[in-house]
Amino acid sequence: MAPSLSDVMTPDAAALAAAQKGEGRAPLKAGSPEHDLFTGLTRLGDNCLILGHRVSEWCGHAPVLEEDIALANMALDLIGQTQLWLGLAGEVEGRGRDADALAFRRDGWDFHNILLVERPNGDFGQTLMRQFLFDAWHAPMLKALEGSSDDRIAAIAQKAGKEVAYHIERSADLVIRLGDGTEESHARMQAALEALWGYAGEAFIADAVDTRLAEAGLMPAPESLRATFDETVNAVFAEAALTRPESDFAHKGGKQGRHSEHMGHLLTDMQWLQRAYPDAKW
Amino acid sequence: MYAQMVKSEATDEDPAKLAAFQARIDAGERIEPKDWMPEGYRKTLIRQIGQHAHSEIVGQLPEGNWITRAPTLERKAILLAKVQDEAGHGLYLYCAAETLGISRDELTEQLLSGKMKYSSIFNYPTLSWADIGAVGWLVDGAAIMNQVPLQRTSFGPYSRAMIRICKEESFHQRQGYDLIRKMAEGTPEQKAMAQDALNRFWYPSLMMFGPSDKDSVHSTQSMAWKIKINTNDELRQKFVDQTVPQAEFLGLTIPDEHLKWNEDKGGYDFSEPDWNEFYEVLKGNGPCNADRMEARTRAWRDGEWVRDGLMAHARKQTSRRVAAE
Amino acid sequence: MSSEWPLWEVFIRGQHGLNHRHVGSLHAPDAELAIRHARDVYTRRNEGVSIWVVPSAQITASAPSEKGPLFEPANDKVYRHPTFYDIPDEVGHM
Ligand SMILES: [Fe+2]
Ligand SMILES: [Fe+2]
Ligand SMILES: [Fe+2]
Numbered sequence: 166m167a168p169s170l171s172d173v174m175t176p177d178a179a180a181l182a183a184a185q186k187g188e189g190r191a192p193l194k195a196g197s198p199e200h201d202l203f204t205g206l207t208r209l210g211d212n213c214l215i216l217g218h219r220v221s222e223w224c225g226h227a228p229v230l231e232e233d234i235a236l237a238n239m240a241l242d243l244i245g246q247t248q249l250w251l252g253l254a255g256e257v258e259g260r261g262r263d264a265d266a267l268a269f270r271r272d273g274w275d276f277h278n279i280l281l282v283e284r285p286n287g288d289f290g291q292t293l294m295r296q297f298l299f300d301a302w303h304a305p306m307l308k309a310l311e312g313s314s315d316d317r318i319a320a321i322a323q324k325a326g327k328e329v330a331y332h333i334e335r336s337a338d339l340v341i342r343l344g345d346g347t348e349e350s351h352a353r354m355q356a357a358l359e360a361l362w363g364y365a366g367e368a369f370i371a372d373a374v375d376t377r378l379a380e381a382g383l384m385p386a387p388e389s390l391r392a393t394f395d396e397t398v399n400a401v402f403a404e405a406a407l408t409r410p411e412s413d414f415a416h417k418g419g420k421q422g423r424h425s426e427h428m429g430h431l432l433t434d435m436q437w438l439q440r441a442y443p444d445a446k447w
Numbered sequence: 047m048y049a050q051m052v053k054s055e056a057t058d059e060d061p062a063k064l065a066a067f068q069a070r071i072d073a074g075e076r077i078e079p080k081d082w083m084p085e086g087y088r089k090t091l092i093r094q095i096g097q098h099a100h101s102e103i104v105g106q107l108p109e110g111n112w113i114t115r116a117p118t119l120e121r122k123a124i125l126l127a128k129v130q131d132e133a134g135h136g137l138y139l140y141c142a143a144e145t146l147g148i149s150r151d152e153l154t155e156q157l158l159s160g161k162m163k164y165s166s167i168f169n170y171p172t173l174s175w176a177d178i179g180a181v182g183w184l185v186d187g188a189a190i191m192n193q194v195p196l197q198r199t200s201f202g203p204y205s206r207a208m209i210r211i212c213k214e215e216s217f218h219q220r221q222g223y224d225l226i227r228k229m230a231e232g233t234p235e236q237k238a239m240a241q242d243a244l245n246r247f248w249y250p251s252l253m254m255f256g257p258s259d260k261d262s263v264h265s266t267q268s269m270a271w272k273i274k275i276n277t278n279d280e281l282r283q284k285f286v287d288q289t290v291p292q293a294e295f296l297g298l299t300i301p302d303e304h305l306k307w308n309e310d311k312g313g314y315d316f317s318e319p320d321w322n323e324f325y326e327v328l329k330g331n332g333p334c335n336a337d338r339m340e341a342r343t344r345a346w347r348d349g350e351w352v353r354d355g356l357m358a359h360a361r362k363q364t365s366r367r368v369a370a371e
Numbered sequence: 119m120s121s122e123w124p125l126w127e128v129f130i131r132g133q134h135g136l137n138h139r140h141v142g143s144l145h146a147p148d149a150e151l152a153i154r155h156a157r158d159v160y161t162r163r164n165e166g167v168s169i170w171v172v173p174s175a176q177i178t179a180s181a182p183s184e185k186g187p188l189f190e191p192a193n194d195k196v197y198r199h200p201t202f203y204d205i206p207d208e209v210g211h212m
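Residue numbers (the working numbering), protein chains in the order written: chain H, 166 to 447; chain W, 47 to 371; chain G, 119 to 212.
Each hint should be verified, as a subset may be incorrect.
[Said to hold, decoys possible] Partial list, derived from the structure: chain W residues whose beta carbon lies under 10 Å from chain H:
1. Thr118
2. Lys122
3. Gln130
4. Glu132
5. Gly136
6. Tyr140
7. Arg150
8. Ala345
9. Asp348
10. Trp351
11. Lys362
[Unchecked claim] Calculated lysine to aspartate or glutamate pairs in the DMTMM-like style (CA-CA distance at most 20 Å, straight line):
12. W:Lys80 to G:Glu127
13. W:Lys362 to H:Glu349
14. W:Lys89 to W:Asp151
15. H:Lys446 to W:Glu235
16. W:Lys89 to W:Glu78
17. W:Lys362 to G:Glu150
18. W:Lys272 to W:Asp261
19. H:Lys446 to W:Glu120
20. H:Lys417 to H:Glu367
21. W:Lys362 to G:Glu122
22. W:Lys53 to W:Asp261
23. H:Lys324 to W:Glu120
24. W:Lys272 to W:Asp58
25. W:Lys260 to W:Glu55
26. W:Lys228 to H:Asp444
27. W:Lys362 to H:Glu404
28. W:Lys213 to G:Glu165
29. W:Lys53 to W:Glu231
30. W:Lys228 to H:Asp265
31. H:Lys446 to W:Asp224
32. W:Lys362 to G:Asp148
33. H:Lys446 to W:Asp242
34. W:Lys311 to W:Asp287
35. H:Lys327 to H:Glu256
36. W:Lys53 to W:Asp259
37. H:Lys327 to G:Glu165
38. W:Lys237 to H:Asp444
39. W:Lys362 to H:Glu348
40. W:Lys272 to W:Asp72
The hints are simulated quantities; they were obtained by calculation from the structure and are not laboratory data. All residues carry an ideal CB built from backbone N, CA and C; glycine is no exception.
Produce the complete structure using the sequences and hints provided.
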């Protein structure tokens, strides 16, 4: 009996679908516009992913139930944003990688988050200060991205921007409250600021990719966000009676894939199942 | 259940008042916080609601154990939202207990000092990703079985908390079943993890309903007060009858060679869990008791400066406002 | 110091323009944080568009013994209840 039409078609259809998704296609060429955009999008997505991961570590361990629930909301927002940014990154790359493939199957040097978000949680003060410094950059970043020449980016930024408006309101307010609170809470917030300040600056340092993305109108120039950031943090530190460290020295490298020792442990944890059982569906 | 072996307190009050109180309950009225109630009713409820609340909070830990290792972004979000719900359940229940004249801080201190208990089930470890499925499917499944009738409990705030909780619970068991189903239908390793999870969680889940209370004075009183609606054995039977076909659908085997359909009673015959193990776990000798208490104690102690700092700020703001007026 | 955060009662108005409804309580150091906690705790499933918080200590409740005098008068004002009125079918839904 002659094979049925569908029997003949099936292998071709599968191969065709894979090819359409771009599986097996050569990696993007560094310096190409597609590669630049892919890099920019993974920077956005990886920041959300790694910070969301860190915040989720608090679940069940927060200082008070109400705060446990609030932290989980933040983590959920960030994971949701990760899916959008990395989903778009995978689409732009065109090699068949979805958000999960990017999150769970890349190694450290292919992650482009800033070093700030991979800092360990420390005490609640450090977690809060890390969040505040991040939000103070994230909010104006998303605002600027709403004007991106790429509609897909603008749409994601608009959705995420609403969530982040709440994040910054919350983190700024808590920094002020704990900076003011007791002697101990003040001391802890000041210590947190000093420990993390050196990681706040990386987001504003442009590299060649940033510059080309800005020239193309896709993403804002990093340094253009600094004034808004400074205004926000200065006002909050003043109200919280916290002293901004004198040196603006900034650790960097995360955006280019050179991370701290903490990153490998975080990824080991996060990627364990996908790495140990690569053929499994979850 | 989440509240296992809650001793009901004896009551020696004016018989006329007691009779009137019982009549209200029998008539299906809700008792509200400011209503007169027997001291025993109040104390038993504090113990039961408190234990239930503690269980929700400690119950965050075994599942929280896998949040950072969830294998996809969607699974991570689902699990996080689920564990967050449990924190909410604890919160609603603490608030219900507080209407009876005990504070959340007091309840917390009693948990941490070991004076109050939480469900034995949360002293078992989650060792593989399939365990997260088993917890949702079996543990939440067993909890729902108990919580649905408690929506009709006689104490108003408790009943309202249960209504809210049951509404939120609906997705917990389903996400667990969906997760373990993916595992049971997956690679041979995944299937093995799913079976292993069922093997380890089956008997501890049966223990959640507590030992047989056929002849217990305590449960007779609690049932008269409608703070306990069904007997432990009734609920356990219902749970087994509901779960066996679900396991069959997954192609998983319930680890009980005596499990057999009994046509006469219209339910399954099944083996009792090892009640010695249950009592040991309650005494503190479960695999994770020490770890669970350590985690909760650390969270509470490490969080003190945050709670105090925020309170101090609020107080300062108030006095600043007063001074400005 | 270690003093417990005060308790707040939370009222939420849902999407459909109904009255604020009591949904539960929570702890917070002040009103502002109580609102924020209420958003996080009680509107996780899009339940509300407007939140009120009131310190639990500020709620004055009727004493149970007043249940008779306070509520029984309303019991015979059946005309307040829509089902009291027999509307002819031809009139349609009202
Ligand atoms: Fe629950
Ligand atoms: Fe649950
Ligand atoms: Fe639960």
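Going down the list of hints, with the structure as the test:
no.	hint	verdict
1	Thr118	holds, 5 Å
2	Lys122	holds, 6 Å
3	Gln130	holds, 4 Å
4	Glu132	holds, 9 Å
5	Gly136	holds, 6 Å
6	Tyr140	holds, 7 Å
7	Arg150	holds, 8 Å
8	Ala345	holds, 4 Å
9	Asp348	holds, 7 Å
10	Trp351	holds, 5 Å
11	Lys362	holds, 7 Å
12	W:Lys80 to G:Glu127	holds, 16 Å
13	W:Lys362 to H:Glu349	holds, 15 Å
14	W:Lys89 to W:Asp151	holds, 17 Å
15	H:Lys446 to W:Glu235	holds, 11 Å
16	W:Lys89 to W:Glu78	holds, 15 Å
17	W:Lys362 to G:Glu150	holds, 14 Å
18	W:Lys272 to W:Asp261	holds, 17 Å
19	H:Lys446 to W:Glu120	holds, 13 Å
20	H:Lys417 to H:Glu367	holds, 5 Å
21	W:Lys362 to G:Glu122	holds, 16 Å
22	W:Lys53 to W:Asp261	holds, 13 Å
23	H:Lys324 to W:Glu120	holds, 18 Å
24	W:Lys272 to W:Asp58	holds, 19 Å
25	W:Lys260 to W:Glu55	holds, 18 Å
26	W:Lys228 to H:Asp444	holds, 13 Å
27	W:Lys362 to H:Glu404	holds, 13 Å
28	W:Lys213 to G:Glu165	holds, 12 Å
29	W:Lys53 to W:Glu231	violated, 43 Å
30	W:Lys228 to H:Asp265	holds, 17 Å
31	H:Lys446 to W:Asp224	holds, 12 Å
32	W:Lys362 to G:Asp148	holds, 11 Å
33	H:Lys446 to W:Asp242	holds, 18 Å
34	W:Lys311 to W:Asp287	holds, 11 Å
35	H:Lys327 to H:Glu256	violated, 24 Å
36	W:Lys53 to W:Asp259	holds, 11 Å
37	H:Lys327 to G:Glu165	holds, 18 Å
38	W:Lys237 to H:Asp444	holds, 13 Å
39	W:Lys362 to H:Glu348	holds, 13 Å
40	W:Lys272 to W:Asp72	holds, 9 Å
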